[in-house]
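A.B. asks: So you can see what is in the structure, the chains are spelled out below.
Number of protein chains: 2
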Amino acid sequence: MRYFHFCKLPGRVMGIRLLRFTSVVIIVLLLVAGALTALLPNIKDDKMPSLRREPKSQSQSALDSFTLIMQTYNRTDLLLKLLNHYQAIPYLHKVIVVWNNIGEKIPEEMWNSLGPHPVPVVFKVQTVNRMRNRLQNFPELETKAVLMMDDDTLVSAHDLAFAFSVWQQFPEHIVGFVPRKHISTPSGVYSYGSFELQNPGFGNGDQYSMVLIGAAFFHSGYLEDFQRQPEAVYALIDETQNCDDIAMNFLVAKHTGKPSGVFVKPVDIRNLEKDTNSGYSGMWHRAEHLLQRSYCVNKLVNIYDGMPLKYSNIMISQFGFPNYANHKNKM
Amino acid sequence: MRYFHFCKLPGRVMGIRLLRFTSVVIIVLLLVAGALTALLPNIKDDKMPSLRREPKSQSQSALDSFTLIMQTYNRTDLLLKLLNHYQAIPYLHKVIVVWNNIGEKIPEEMWNSLGPHPVPVVFKVQTVNRMRNRLQNFPELETKAVLMMDDDTLVSAHDLAFAFSVWQQFPEHIVGFVPRKHISTPSGVYSYGSFELQNPGFGNGDQYSMVLIGAAFFHSGYLEDFQRQPEAVYALIDETQNCDDIAMNFLVAKHTGKPSGVFVKPVDIRNLEKDTNSGYSGMWHRAEHLLQRSYCVNKLVNIYDGMPLKYSNIMISQFGFPNYANHKNKM
Numbered sequence: 001m002r003y004f005h006f007c008k009l010p011g012r013v014m015g016i017r018l019l020r021f022t023s024v025v026i027i028v029l030l031l032v033a034g035a036l037t038a039l040l041p042n043i044k045d046d047k048m049p050s051l052r053r054e055p056k057s058q059s060q061s062a063l064d065s066f067t068l069i070m071q072t073y074n075r076t077d078l079l080l081k082l083l084n085h086y087q088a089i090p091y092l093h094k095v096i097v098v099w100n101n102i103g104e105k106i107p108e109e110m111w112n113s114l115g116p117h118p119v120p121v122v123f124k125v126q127t128v129n130r131m132r133n134r135l136q137n138f139p140e141l142e143t144k145a146v147l148m149m150d151d152d153t154l155v156s157a158h159d160l161a162f163a164f165s166v167w168q169q170f171p172e173h174i175v176g177f178v179p180r181k182h183i184s185t186p187s188g189v190y191s192y193g194s195f196e197l198q199n200p201g202f203g204n205g206d207q208y209s210m211v212l213i214g215a216a217f218f219h220s221g222y223l224e225d226f227q228r229q230p231e232a233v234y235a236l237i238d239e240t241q242n243c244d245d246i247a248m249n250f251l252v253a254k255h256t257g258k259p260s261g262v263f264v265k266p267v268d269i270r271n272l273e274k275d276t277n278s279g280y281s282g283m284w285h286r287a288e289h290l291l292q293r294s295y296c297v298n299k300l301v302n303i304y305d306g307m308p309l310k311y312s313n314i315m316i317s318q319f320g321f322p323n324y325a326n327h328k329n330k331m
Numbered sequence: 001m002r003y004f005h006f007c008k009l010p011g012r013v014m015g016i017r018l019l020r021f022t023s024v025v026i027i028v029l030l031l032v033a034g035a036l037t038a039l040l041p042n043i044k045d046d047k048m049p050s051l052r053r054e055p056k057s058q059s060q061s062a063l064d065s066f067t068l069i070m071q072t073y074n075r076t077d078l079l080l081k082l083l084n085h086y087q088a089i090p091y092l093h094k095v096i097v098v099w100n101n102i103g104e105k106i107p108e109e110m111w112n113s114l115g116p117h118p119v120p121v122v123f124k125v126q127t128v129n130r131m132r133n134r135l136q137n138f139p140e141l142e143t144k145a146v147l148m149m150d151d152d153t154l155v156s157a158h159d160l161a162f163a164f165s166v167w168q169q170f171p172e173h174i175v176g177f178v179p180r181k182h183i184s185t186p187s188g189v190y191s192y193g194s195f196e197l198q199n200p201g202f203g204n205g206d207q208y209s210m211v212l213i214g215a216a217f218f219h220s221g222y223l224e225d226f227q228r229q230p231e232a233v234y235a236l237i238d239e240t241q242n243c244d245d246i247a248m249n250f251l252v253a254k255h256t257g258k259p260s261g262v263f264v265k266p267v268d269i270r271n272l273e274k275d276t277n278s279g280y281s282g283m284w285h286r287a288e289h290l291l292q293r294s295y296c297v298n299k300l301v302n303i304y305d306g307m308p309l310k311y312s313n314i315m316i317s318q319f320g321f322p323n324y325a326n327h328k329n330k331m
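First to last, the sequence lines map onto chains E and V.
Counted from 1, the first sequence has number 32 at position 32 by UniProt numbering; the numbering is strictly sequential.
Counted from 1, the second sequence has number 15 at position 15 by UniProt numbering; the numbering is strictly sequential.
By construction, these hints were calculated from the structure, which means they are not laboratory data.
Careful: at least some of the hints might be erroneous.
If chains are identical, the list can't say which one is meant, so a pair holds when it fits in one copy or spans any two.
[Unchecked claim] Dumping the calculated EDC-like pairs for lysine to aspartate or glutamate here, alpha-carbon to alpha-carbon at most 20 Å:
| hint | residue 1 | residue 2 |
| --- | --- | --- |
| 1 | Lys265 | Asp159 |
| 2 | Lys258 | Glu172 |
| 3 | Lys124 | Glu104 |
| 4 | Lys258 | Asp64 |
Make a model of the complete structure from these sequences and hints.
C.D. replies: So, in structure tokens, the structure goes:
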């Protein structure tokens, strides 16, 4: 009613008209905008990794979880035992089993009959029994993080959850439970070993220059990088059926210019080798195993035209776990 | 002689003259330049920190060494005992003693009579006995790294050398030997404490959110930053004669957006309080000490308008020190 009243006011009719017109335009625009907003689709794209913890749906977000890659040869009993443990590890996204039992059927039927399982498990059938099969850039790999485990190694869920959190703080490093080192000798020839070798001589205590990938987290990008290694690296690994882990440490050290690994001291790590019925014991029992690894270090130095490995003496443990006594001072 | 010969050649006299003239000019210029270069002073400015290790001259390079800042009150016997130990720590550049014994003469005569000493020791006489005196931006401070020690705390040289190397890898953090934490309660009021408090509840094990500066390395830049804190922070520290270390942790956490500290587990750390003849025991024996620190946490949250402290559960130890058994697996 005021509307008509305003219309008739003499002397201000022009101004009022303009005001009315402008008001109408504004109101119409607001209504249109409101309508559009209501029509917008809900932004909920499942392919976008969420940045914060979402309520648990089918699978964990690719940023907050990792993929377990486990290569297996002639120890299916151990594999299945370990899978029961590893399939339930927190933050696990998927398991990729690299099946090096050439010509042998994967236990898919049995696996499915014992479902449901906490996460998808993919069996990748291989055509040749190669140590470096586990270093392929598997298309099933969706996460940034890879956890690689040997098929005879049992690491507790606590250790894995902690090491994963450490990896997230050091994503360009191999974060794992088994440290090793190289030392140089006056002749220039390198040797590979562990605590039994002399310390490299940088201050007191020991140093490590590698973290073995048979029990470690690393960035999936390094599997991509590994596909671009010189042929000589593949030839070396195939010739020895060994040293893929040393090669990975060379790759990472070269890439970062820093020590390749970060050692996390495990609270509970076990080797289940003795428990297998297959009678098969791991490659590291071969007489020439350690000599081979020294040989690999020197070959890789040739291929890389230099020694990229660097030393570290940082050992990481979990504060106050298993109990607070692990950090109490004698103060 | 060829000179005169050229002069007399007919038909090319003009061109030759120009060539001769140009040559003379060039030669003269070169001679002048050579003379000037010989006259340039030797670039050896002692005030410029060198970038790499120089042969040990008077002092260690400012990048590869640290300054010890030790505040002292009423425990000169302990101070002198500790100085004998700390003055010989590797990578130490200089010692700054913050003399809170107001009106009392510094032991300079005695100190000098017992020289020479491995590094310069500067006694900074204070006018008021304040806890935060040690957090001044001392002009004598030349290094990027500061080691701050309480005047009753003895940390072994091994621990210090290792923690310094850790600080160099985490220069924006407070790297030290004494972890503490805050917890929040349903009422929103924070509490301060150590292992005796409940865990903050992020997975298993404990967490820490502060590393005390009474036994820690940190970047000297933070002393600069501390001069720009709100007045309320100084008032709080002066009111309680406490909490300067909590305030520093708030500062660092706010600055980095990450946990302020990195905890290095000491092998050998001792409190020498009992050994003093002065009969004076540290502030932390006061009945209200811990309550005061909870009070400080809440006051600082008000001043900072939020809680910047973050949790960490990373505990760092030195690989293979004191002996290699500290990293052997039960594998």
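A.B. asks: If a hint holds in the structure, say so; if it doesn't, say that too.
C.D. replies: How the hints compare with the structure:
1. In this homomeric assembly, Lys265 and Asp159 come within 20 Å of each other (Cα to Cα) both inside a single copy, at 9 Å, and across copies, at 19 Å.
2. For a Cα distance limit of 20 Å, the shortest separation of Lys258 from Glu172 qualifies both inside one copy, at 10 Å, and across copies, at 18 Å.
3. Taking identical chains as interchangeable, the C-alpha atoms of Lys124 and Glu104 lie at most 20 Å apart only when both belong to the same chain, with a minimum of 12 Å there against 78 Å between chains.
4. When the C-alpha separation of Lys258 and Asp64 is checked against a cutoff of 20 Å, the pair qualifies only between copies, where the shortest distance is 18 Å, while the shortest distance within a copy is 25 Å.
Consistency note: the structure conflicts with none of the earlier hints.
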